[in-house]
Amino acid sequence: MADLSTQYLGLKLKNPLVASPSPFTETVDGVKRLEDAGVSAVTLYSLFEEQIIHESEELDHYLTAGTDSFAEAQSYLPDAGKYSLSPDKYLEHLAKVKKAVKIPVLGSLNGVSTGGWVKWAKKIEEAGADALELNIYFMPTDPAIAGRNIVSDQVSLVRDVKAQIKIPLAVKLSPFYTAMPNVAQQFAGAGAAGLVLFNRFYQPDINLEKLEVEPNLQLSRSDELRLPLRWIAVLADRVKCDFALSTGLHTGDDLAKAILVGASVGQVTSALLKHGPGRVKEILDGFKAILEQHEYKTVSEMKGAMCQKRVAAPAAYERANYMKVLGDFKTLP
Amino acid sequence: MASDKEMTNIDGNEATAYIAHRCAEVIAIYPITPSSNMGEWADEWTAKKQPNIWGTVPTVIEMQSEGGAAGAVHGALQAGALTTTFTASQGLLLMIPNMYKIAGELTSTVFHVSARSLAAQGLSIFGDHQDVMAVRQTGWALISSHSVQEAHDFALICQQATLESRVPFMHYFDGFRTSHEVNKIKLIPDDQIRAMLTDDLVRAHRARAMTPDLPILRGTAQNPDVYFQGRESSNLYYDKCPDLVQKAMDAFAKLTGRAYHLFDYEGAPDAERVIVLMGSGADTACETAKVLAQKGEKVGVLRVRLYRPFSMKHFVDALPKTVKKIAVLDRTKEPGAPAEPLHLDVVTAMSEHWKGAAPKVVGGRYGLSSKEFTPGMVKAVFDELAKPEPKNHFTIGIHDDVSHLSLPWDTSFSIEFPETKRCVFWGLGADGTVGANKNSIKIIGEETDNYTQGYFVYDSKKSGSITVSHLRFGTKPILAPYLIESANFVACHQFNFLEKYDVLKNAAVGGTFLLNSLYAPDQVWNHIPKEIQKGILDKKLKFYVIDAYEVAKKTGMGQRINTIMQTCFFAISGVLPREEAIAQIKKAIKKTYGKRGDAVVQKNFDAVDQTLANLKEVAVPSSANASFGLLPAVPAQAPKFVKDVLGKIIALDGDSLPVSAMPIDGTFPTGTTQWEKRNIALEIPVWEKDLCIQCGKCAFVCPHATIRQKIYDPKLLAGAPASYKSVDAKFKEFPGTKFTIQVAPEDCTGCALCVEACPAKDKTNVSRRAINMAPQPALRAEEAKNWEFFLGLPEVDRAQVPLKTVKSSQILQPLFEFSGACSGCGETPYIKLASQLFGDRMYVANATGCSSIYGGNLPTTPWSKNAQGRGPTWNNSLFEDNAEFGLGMRLTIDKQTEYVKEVLPKLSGLVGQDLVDALLSADMKDEAGLAAQRERVEKLKAKLKGSNDAKAKDVLSLADMLVKKSVWIVGGDGWAYDIGYGGLDHVLASGRNVNLLVLDTEVYSNTGGQASKSTPRGAVAKFAAQGKGMPKKDLGLIAMAYGYVYVARIAMGANDQQTLNAFLEAEAYDGPSLIIAYSHCIAHGIDMRKGLEQQKKAVQCGMWPLYRFNPSLAMAGKNPLTIDSKDATMKVEEYIYSETRYKMLQAQDPERAALLAKQVEHDAKTRWEYYKQMAAMHYDGGAAETPKADA
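Line by line, the protein sequences are chains Y and D. Just so you know, my numbering puts 71 at position 71 of the first sequence, and the rest follows in order with no gaps. Just so you know, my numbering puts 909 at position 909 of the second sequence, and the rest follows in order with no gaps.
In isolation and in its complexed conformation, chain Y is listed as follows:
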């Protein structure tokens, strides 16, 4: 029987399948269901920088609007003594989850710029998180901002967040960097113990009737696995940190591929949303079957066995890969 345990961010996990943020993680019961289903750790939903700032400003704005303007109505809403805004609720939730489950629980922060809000990292630590995942996403729209400035700001953010906490920090990236290995290197240097590849985002859609933009989120498909697979293959053995594969993991095969290219864990969301927590067992069973088929005794034995530096033809992860596809195409009748 193969040993499924793995190390990720210094945490010993019973298997390499981690539940990433999803509606399941919004309730204690949901997290318990994931634990019961067999995931080895869970990353809670993200607390957003905008949320921390916006909610506070929004509440203030609407409680203040129209006040002290009219003799008969010096305010329009009763101002309660205390408000528990989303950030406070997040911490409460995290603490409750920690009490309810045995598996490690990762907190998650989502932001783009350093500022007062990074102190929430410490609060997440204090609420009991075993590690923190920092979710960075920035949509550049200003032609005057150069890529290096964006990266440099993000590296500062990683450093500032790490400075707040003693628990390990993972950074979840977008796939849109010109020089991914360099960026990964910088994040690791700034304190990231792990990198999560990749974040999936709401993408805008167009409502043709109303001529309006409507963002929505589609669940991932297995074929989306290839992008993170390639990049983990490239980065593993080059950048000194752990890797987690996120996006497109739906089957045991997918998880096996992730470990082979060098990930310590695979993170799953869409498959669970689509099929329910019962899918965890199917993925792990499938993964075990691959391990056994190839007679891997441990996950660490398998981990990175097919990263770019260790495969016979490293170029296969680079441009040659593209050429090969074209070549195959040409051979078709």
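What the hints contain is simulated information worked out from the structure, not anything from laboratory work. The reader is advised that the hints may include incorrect statements.
Straight-line Cα separation of at most 20 Å, EDC-like style, residue types lysine to aspartate or glutamate; simulated pairs [stated by the list, open to error]:
1) Lys1096(D) / Glu295(Y)
2) Lys210(Y) / Glu756(D)
3) Lys590(D) / Asp88(Y)
Where chain Y lies over chain D, by a calculated footprint (3+ residues, C-beta under 8 Å) [to be verified]:
4) 155–161
5) 479–488
In this text, a Cβ means the ideal position worked out from N, Cα and C, and glycines have one as well.
Go by the hints and put chain D onto chain Y.
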């Protein structure tokens, strides 16, 4: 020095409610200005589980009216609870019936009243003693407190006195002047409250209660044989009451060191001239008397504290024996009485108890509706008394050029302590000036040994309102309940005020002037009017400027410049060392905003930090060189009354108007808002004529009638200003005409609802619509010219307009325009629509509330008239009786129409049979029919004119009744669902042809958002601070149950055509009609620009189903109910959590929020299913005709 830790800075309402809540078991409340805050405090403390001094949390219940509150109090008292309530004005009058009962049953209780004017020739929310005097006959003890500290102290003294005497007590203080003045007072600690109240008396109160365990019976009916004796049976209790009050005062003095008496005399011990009065004016009078006495004048003041029972003996004993002349000042008016009440009491007391030659007693009136009462006026009264024959029944504080009763006074007379700092701040409601000043008072009061006072004056507009804050602080207690007349520090937070108001009028010589200026220190001088320049030079003011909006922009503060200007004030005034001041401001920021999250705190910190570097002193030039002065309040072409009277009020100089300037019976001309150009919009809409599809939606939703449409003959474009826009009209009924959408640039409030409603998008740039917002200043002059030209174009011939579509409805002239409602108001578009459709034959009965304030508050009012001089005629009776008020109008119209119709045939010889027949059989179902009938009426008048026949004269005087009239009964949900519901129900039941329009904001908006029975479950409102637990009352369903009432539930943001249909059908229906209109409101905590979107969401999620219930259909054998909205396409949560009123409960109490949200969803589904079943019911024809109203 006031360094005691128990000192706090609060207003009179909070100071009173603090004690009332600690001494009560049951509190029944109902909102009415200026007492609402007391109820709000009580509700909030109970919501926060704050116990009374016996350790249990008082029960607080909101009732449907003050009458209801009094009834609940009566019941709670009879069952033995310590019970209280808070009220004012007409609210107190509604309690009178119960007050007789409570007194007749010798029941201990205390009512706390912030005394307010009564609605007579006009309503006023401000302070005087008319309400108090209206209950002096009820058998209650009446105690007057004169300051914030006294309001706090007397609330407790009354509690003990009522328990011991068994006489019910009403404790009152001056509305606004005391209820809303922030002052530094000493709080009574709980142990002293406990020590003050005797538990045995509490138990005795309970022992007198009704209980089946020891049954008694009260409330008997008594006959001539015994009623009289019974009425006299409690005399001894009243006889003893004054001594028991004094006993309580003495006990209180022992505990707190603050000594009071039934009557307190201050001034020269050997005074010959004495003023007698009560209320806040007593502080002014006493302080003035002391100053005059120090100068050797033999003057003094006798304060009346216990007004009922009026102890004549104590009164006479309190007067100095040297007194020769007495002036009794009443803050009330009893037309036709021999004298005002306190005056009469004093005369009686002197005649019955004074030993020796009686001093001369005269009386006078002062201070009605918070009219200023100043040391100069006090001195004038003393001076009058010094005359051999002082004037009697005088007035002081106004100039009476009609009955010549007023005394003149010296406006420059001042008794201010020189060391008291006096600061005046001019701000806008929206810029946060008042909030910042309240904060400053707390900082100064709590962090220094200074005493403080803050009083805030607001105008009556709900958008772009001006606030003037008056702050005093100094080393001695501040007993100056009047506005600052000489300010050491004047701040003007809005640059554009300079063009309208002489903000330096009350600046003291050598003082400081701080201006929020977009111009740099070296440029600002050239941009300020001559009067202001002269003020700075003549008064040798130090002059500072800051571009606060720039600092606010940089620090993310938006329009809120409060923190920035507050920092400037502290930096300049030197009340605290700068560093310490900044630390204290930050501490206050943290305290005020901390619970709303760190981001807000940080933003304010940034604003403080960036302020000082931007604050600059101006090197004042040596001469006033401006080529321009203050703008006139109204344009030169305005009518005389507008210029001479309303213009003065607009210029904040209404106090100078003499009595003769005022209408004798409260009658004012309509259509006056057009003369008050307020220029409050930062941005106004701009029409893109080529994109426009001429749908009318922009004008339909405009709350202020500032975006309008006209169609007209192209020839009329000759002479149009160069930038005037027009296109070919797309109206098939009006071929060959031109079409224009025009904005009133100086009246628009910039709400942008028109932009949100515009469906026409630029195909190449979908963000651009046919209406877009652009900065107002650059457009103002040109668009003002265009607006003037537009107004000059003739209105469309109504008879030609097919009134079926939104598009066509909007070429009709609105006869409700430029109201002072909130920018983006959700109510006014409905009112405006009614005025467009029926305005030229419309009677409006308006319930008190937002709509009566923006509809009828001076100086200018929005109901207007058309070129023929016709338009809505409007009146506001009360809050509770509006449906009945409107019904009364209908009864008169019906009766007089009937009379004319009865008499007319008898005049056929004079008038002609054909015309008589045509007049009596006219079809007035549409505008063409109405126009034809108007023409006939004119013919009729021409024929009757000059006739000496009595009947002919009668018909001539009532001929206009032959044209169909439309009665509209308008009000909010507070009226319709709560206080006026009984009347509304009766009026619906009457079957009469009236139209009731309920502007449903789901809270009492005008008084600050208290819950009504319309408030939906789960919404947070005042008086429902924990989120309302019970569902919204279904008023429409109740009305439908009659079967013969037209009912529509509408939301124009969701379906404008349905809204229009409802108005047309309701008016056409010859019976009672009820329209319930969703009105988004600032009290919902929403972006008002998105108000229409919120309406749509409410409908889409099923919480606000749209329907029309038309009894005419039932008569035709059809189901009368038409549901106009679809099955829910959105989750209730998506709607409710887009509004702060719901969302804040998630932050306050997530579990309760989740529970209530589920229930709300269930409420919506259940109701929807119920309506669907009703709409699907089979009506088999042959339904009975709608019953007609009983003749």
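Structure-based check of all given hints:
1. With a CA separation close to 62 Å, the supplied pair Lys1096(D) and Glu295(Y) exceeds the 20 Å bound.
2. For the given pair, Lys210(Y) sits about 14 Å from Glu756(D) by alpha-carbon distance, which is consistent with the 20 Å threshold.
3. Distance hint between Lys590(D) and Asp88(Y) is fulfilled; the C-alpha atoms sit about 17 Å from each other, no more than 20 Å.
4. Counting residues of the segment 155–161 of chain D whose C-beta sits closer than 8 Å to any C-beta of chain Y gives 0, which falls short of three, so the coverage hint is violated.
5. A stretch counts as covered by a chain when three or more of its residues have a beta carbon under 8 Å from one of that chain; for the segment 479–488 of chain D and chain Y the count is 0, and the coverage is violated.
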